[in-house]
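Undergrad: Given next are the chains, with one letter for each unit.
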Amino acid sequence: MTRELRPDDLFDVPDPFAASEPAPLPPLDLASLPASPDRGRVQALRLAAVIVALAFEALLVVGIGAREVARLPRAVLGYGVLALLLASPVALLPLRGARARRGAFVAVALLAGAIFVVASLLSAGEGDRSAVAMAECAVAALAMAAGPTVLAVYAMRHAFASGAGWRTGALGLASGLLGAAAIRLHCPDDALAHLLVAHGAPVLLAPLAAALLGARVTRA
Amino acid sequence: MPQAPPSTATPSEPAPQALSSASSARRSPEAARLSAELDRLMDRYASGDNAAFAELYRQLAPRLRMFLLRLCGAPRLADDLLQDTFLRVHRARGSFTAGAAVVPWSYAIARNVYIDHSRRGRDRGRASLDDLEESAQPLAAPGASPHAELVGKRTLDVVRATLAKLPAMQREAFVLVRFEGMSIAEAAAVLDASESAVKLRAFRAYEAFRAALGATGEGP
Numbered sequence: 001m002t003r004e005l006r007p008d009d010l011f012d013v014p015d016p017f018a019a020s021e022p023a024p025l026p027p028l029d030l031a032s033l034p035a036s037p038d039r040g041r042v043q044a045l046r047l048a049a050v051i052v053a054l055a056f057e058a059l060l061v062v063g064i065g066a067r068e069v070a071r072l073p074r075a076v077l078g079y080g081v082l083a084l085l086l087a088s089p090v091a092l093l094p095l096r097g098a099r100a101r102r103g104a105f106v107a108v109a110l111l112a113g114a115i116f117v118v119a120s121l122l123s124a125g126e127g128d129r130s131a132v133a134m135a136e137c138a139v140a141a142l143a144m145a146a147g148p149t150v151l152a153v154y155a156m157r158h159a160f161a162s163g164a165g166w167r168t169g170a171l172g173l174a175s176g177l178l179g180a181a182a183i184r185l186h187c188p189d190d191a192l193a194h195l196l197v198a199h200g201a202p203v204l205l206a207p208l209a210a211a212l213l214g215a216r217v218t219r220a
Numbered sequence: 001m002p003q004a005p006p007s008t009a010t011p012s013e014p015a016p017q018a019l020s021s022a023s024s025a026r027r028s029p030e031a032a033r034l035s036a037e038l039d040r041l042m043d044r045y046a047s048g049d050n051a052a053f054a055e056l057y058r059q060l061a062p063r064l065r066m067f068l069l070r071l072c073g074a075p076r077l078a079d080d081l082l083q084d085t086f087l088r089v090h091r092a093r094g095s096f097t098a099g100a101a102v103v104p105w106s107y108a109i110a111r112n113v114y115i116d117h118s119r120r121g122r123d124r125g126r127a128s129l130d131d132l133e134e135s136a137q138p139l140a141a142p143g144a145s146p147h148a149e150l151v152g153k154r155t156l157d158v159v160r161a162t163l164a165k166l167p168a169m170q171r172e173a174f175v176l177v178r179f180e181g182m183s184i185a186e187a188a189a190v191l192d193a194s195e196s197a198v199k200l201r202a203f204r205a206y207e208a209f210r211a212a213l214g215a216t217g218e219g220p
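Going down the list, the sequences are from chains A and B.
The first sequence begins at 1 in this note's numbering and counts up by one.
The second sequence begins at 1 in this note's numbering and counts up by one.
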């Protein structure tokens, strides 16, 4: 014979600590607490991190040489910005609806990947398909994603009370897409395999690295 | 100690799907008012009003201390973890989202503190026997008959021992829903899990309690 569990069933289990004497709270020495930034300073820091990340990309592109702007594929110009807009809010959503948040992150990640692949297909052309060229470009793309990833993790340190792994992964995804967009401003190689492998490396690796390593920093 | 015969009132095979947000229906207007007051205090503190922290601590610390006590089973350890929790709340205050609920946020931080402590000691799965003995409480109401006192003591001993033996995820879910009075949605937010996962974990815990108490003839 079976019956359904009623909500009140849980309340049949007595609380073994209910009879605890309400001992005085341990004293909290406010003066000894380390300085912590308030909301205004945190928001300013995050804005500064975005500006520094964009400046970092610009300096790298200028430093290693920008491609001819007139020949820059139009499709590429938009996907980095679009993906950033899509990915960033997911990491900043307030604490409610774990399944919805994770679902949104997965959807955004898939969408961002799809946008990246479609943009690569649309803009594919001639280029060097050698492994050496791919490796060199992948290293440059990863460097372009690493800076924003580190900045993002620093700006969001102690920010996530729960779900730090996937939220930090979302920051890594945004940074990886920024790196992938920035490398297109430098690299004139339009071979499809080169675009997907070398330029796609940060899109794949930055979220993983952020989730695995950065979550320790961003967890509250 | 001889075992009493199983209680005939012990229910059989309830279904986890039927478990609903029991505690939300039990929430009084007074509790909602206190919760809103806590949210306002945290919002003031996050905005830079340091004076709000002492009041926030006074109002929030007793709840968090009981939560930590129920997780770890040791009053002195719970006090240490409470201090660490408020240090992290202080550190993360700038990341507290305006308009968010401070209770699930602070519980999630307290849980992080407990998890970190347990990882250091590799004992997240269960509390030690010393801890349980340390937390022994008066178990029957003043003036209760010796028999009622004995039954109460045995029941709470069984509950305490079963709680300590539960897998961490089940214990957390059960403690939040049964003892902390959270709704399933609130517990899911704290645990960064889906509501169905929280229901299932609480149900598994309830099954364990039912088996343990049924074996002693004390219900539920």
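If you're looking for bench data, these hints aren't it; they were derived computationally from the structure.
Take the hints with a grain of salt, since some may be wrong.
Unchecked claim - Covered stretches of chain A (chain B as the covering partner; in silico rule of three or more C-beta atoms under 8 Å from a C-beta of chain B): (1) 40-49; (2) 176-184; (3) 198-207.
Claimed, not checked - Beyond 12 Å from chain B on every Cβ pair, some chain A residues (computed): (4) L59; (5) D128; (6) V150.
Claimed, not checked - If you anchor each label on the Cβ, the simulated ranges turn out as follows: (7) G99(B) <-> L122(A): 38 to 46 Å; (8) G99(B) <-> G103(A): 16 to 24 Å; (9) A51(B) <-> E136(A): 31 to 39 Å; (10) A104(A) <-> A161(B): 51 to 59 Å; (11) S32(A) <-> T97(B): 24 to 32 Å; (12) P62(B) <-> A35(A): 25 to 33 Å.
Backbone N, C-alpha and C fix where the C-beta goes; we use that ideal spot for every residue, glycine too.
Undergrad: Hints first: check each against the structure and report whether it holds.
TA: For each hint, the structure was consulted:
1. 40-49: With 4 residues close enough to chain B, the hint holds.
2. 176-184: violated (count 0)
3. 198-207: violated (count 0)
4. L59: 28 Å, holds
5. D128: Label holds. Min Cβ-Cβ 45 Å, cutoff 12 Å.
6. V150: At about 18 Å from chain B, V150(A) clears the 12 Å cut-off, so the statement holds.
7. G99(B) <-> L122(A): 38 to 46 Å: 41 Å, holds
8. G99(B) <-> G103(A): 16 to 24 Å: 22 Å, holds
9. A51(B) <-> E136(A): 31 to 39 Å: 57 Å, violated
10. A104(A) <-> A161(B): 51 to 59 Å: 41 Å, violated
11. S32(A) <-> T97(B): 24 to 32 Å: 27 Å, holds
12. P62(B) <-> A35(A): 25 to 33 Å: 27 Å, holds
Of the numbered hints stated above, those contradicted by the structure are hints 2, 3, 9, 10, listed in ascending order.
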